[in-house]
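For the record, the sequence lines run as chains A and B. Letter by letter, the first sequence follows residues 1169 to 1487 in the working numbering. Letter by letter, the second sequence follows residues -17 to 326 in the working numbering.
No lab work stands behind these hints: they were computed from the structure. Yeah, the Cβ is synthetic: ideal placement off N, Cα and C, and Gly gets one too. Be aware that one or more of the hints could be misleading.
What the hints assert, rightly or not - The calculated lysine-lysine pairs, modelled on DSSO-like cross-linking and capped at a C-alpha distance of 30 Å, are: (1) B:Lys129 / B:Lys196; (2) A:Lys1376 / B:Lys262; (3) A:Lys1376 / B:Lys129.
Said to hold, decoys possible - The following residues of chain B were derived to be distant from chain A, with all beta-carbon distances above 12 Å: (4) Glu3; (5) Lys262; (6) Ile269.
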Amino acid sequence: MSDPTASAAGVTGTLEGHAGSPPTTAEPGREKPRSLGRDAWEDLRHNWVFWIASVLILILIVMAIAPGVFTSASPTASDLDVSRQGPGPGAPFGYDLQGRDVLARTIYGARASILVGIFATAFATIVGSFMGIVAGYYGGWTDTIVSRLTDVFFAIPIFLGAILVLTSFPSDENTSQVAAYTKVAVALAIFGWTSTARIMRSSVIQVKQADFVQAARALGASNSAIIRKHVLPNSLTPVIVVATISLGGYIGAEAGLSYLGIGLQPPVISWGIAISDAQTYLRVSPHMMMFPIAFLSITVLAFIMLGDAVREALDPKLR
Amino acid sequence: MTLTETGSPAAVPAGTPPLLEVDNLHVEFRTREGVAKAVNGVSYAINAGETLAVLGESGSGKSVTAQAIMGILDTPPGFVTKGSIRYQGDDLLQMPEGVRRTYRGEHLAMIFQDALSSLNPVFSVGYQIAEMFRVHRGMSRSDGMKKALELMELVNIPAARERVKDYPHQFSGGMRQRIMIAMAIALDPEVLIADEPTTALDVTVQAQIMALLKELQRERDMGLILITHDLGVVADVADKIAVMYAGRIVERAPVYDIYARPAHPYTEGLLASIPRVDMKGQELFAIKGIPPSLMRIPPGCPFNPRCGYARDICREQDPPNYPVGDAHDSACHFWEEVVDGTRR
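Please work from the sequences and hints to get the whole structure.
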């Protein structure tokens, strides 16, 4: 038994100390508090996969925002004299059928891929997380209905579903670029949110049973507070990982849809369209296809690598 | 049903309802395998400044009773089927959930066995304590943090100022339990339920935590319900004891009385099975058999299959609460024999 008088004295002492000098926002002190996020960052910092992926993604994002940084050539200027000319001085990636600079077109094409990828991921993650939380947290009938709905959407392959949506609501020349991007992204996400919802649901069910959720309830937290402060932050990890990895998948899918001619439409510059155009001349002018394909593969790879690194950093079981 | 007579530090004038009163509470769990009757007619009351120890082995219904009081029973499968839980005379069970929630944290608070898993791993402890003030008192973040720091110092966390932004996993078991206590007492509740608060801790730390709880209780005049299966913890802290078996209270007594004059064979068995220094070399007493399945509680007295005093009546008639002495009663047909037996 500790001496009660001693601890009582300590108590009053500290309280008086505070009455005299109200503390400002507490100093973090020398020793850094280690949150889960900081732990994960420590892990990532020493992971070369993470750095390679990050640098690649950073370059791609700069490409999407300011393609002029990487090439001075115009992606739309065409000169039929140089049609299908291979790589050479002045045009390191050569020219396409219309005599347009392949390097410029490849670099300008990053924007479509990145934007569609981000839109689709954001949409799928938000819808999927919402459905997953509702199903997992409330359980019972709500869970049954939401889960079966998820199954219905899950049964339709993402790509087939996107083809279905895009052929039903085709874009034409009058569709604005942003609308075209959004349409492709939505078409992909409509059938893509299901995996996020399933993962979110299972992780919410797990967190919901945690003692700290019951403790929070015992101390008067409302359902919405429990979801916001306890359930969501603790079940987000797998969703972040899935989102990062699936971003690469959506970029690939966008290229696929554009290749088929139902994704983005020609005035828009896209890797998928470039690959589709180059296909006819693959045997004689392989450079027309090689470069957009290389960029596409590297982009998808970069996001998958990033997702993998993040998963490793956030998953305590792999430590 | 009040048990506040002799010895209780806070004898309340007659007529005022007790701070918290559980009356004839029944809880059952409806599972696929059948209905488990976890709590079968539990009654106890507690007043300000009083400590009630609820004693019993795992599955005796002590934690379920606490969860029912707090309103955090998992429903389904758990259902309160009968009884009332009155806080200052108002029946919590009759309140709509929205009203009832305002009692939690504010008037009734609870701490749990495993403090690490009871704290949210993604937020700093200071933030979590401050949340109590932000949500319930509408304080700003910085004011909340100030109060959090004060509370951390109140529960004797060394170097609280440096540690306020640390995360739960950076604290030792005892410190985590202190933080949990700080959160629980943040809003100055009138009743604190501690569900085996020291079970997961070292013996030395156990003593410190119990001393802290006792000290805070005295300072704030809280009613403390201490749920435990450790008779050693109880002796120093509790004012009165309720012993639970198979979802009912088999004996209630002031703390000194229970050690001197156990009046139920189960209590007697529990006391006999505490290791003692002067019994070196002898075989430790153990109560034979195992507790009944809550889905098939035997008829009559639930303890009868394990009881050395059991006779035909025990297998037929559920014993009422026989008054044994001042604020002391026992649910045993042969309590007189039990009392005499230990005096022998």
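Hint-by-hint comparison with the structure:
1. A hinted pair counts as satisfied when its Cα atoms are at most 30 Å apart, and Lys129 (chain B) with Lys196 (chain B) qualifies at roughly 22 Å.
2. For the proposed pair Lys1376 (chain A) and Lys262 (chain B), the alpha carbon gap of about 47 Å is over 30 Å, so the pair is violated.
3. Proximity of Lys1376 (chain A) to Lys129 (chain B) is assessed by CA-CA distance (about 28 Å); at most 30 Å being required, the pair is judged to hold.
4. For Glu3 (chain B), the requirement that its beta carbon stay farther than 12 Å from each beta carbon of chain A is met, with the minimum near 19 Å.
5. The Cβ of Lys262 (chain B) sits about 24 Å from the closest Cβ of chain A, beyond the 12 Å cut-off, so the non-interface label holds.
6. With a closest Cβ-Cβ approach of about 29 Å to chain A, Ile269 (chain B) is found to remain outside the 12 Å limit, as its non-interface label requires.
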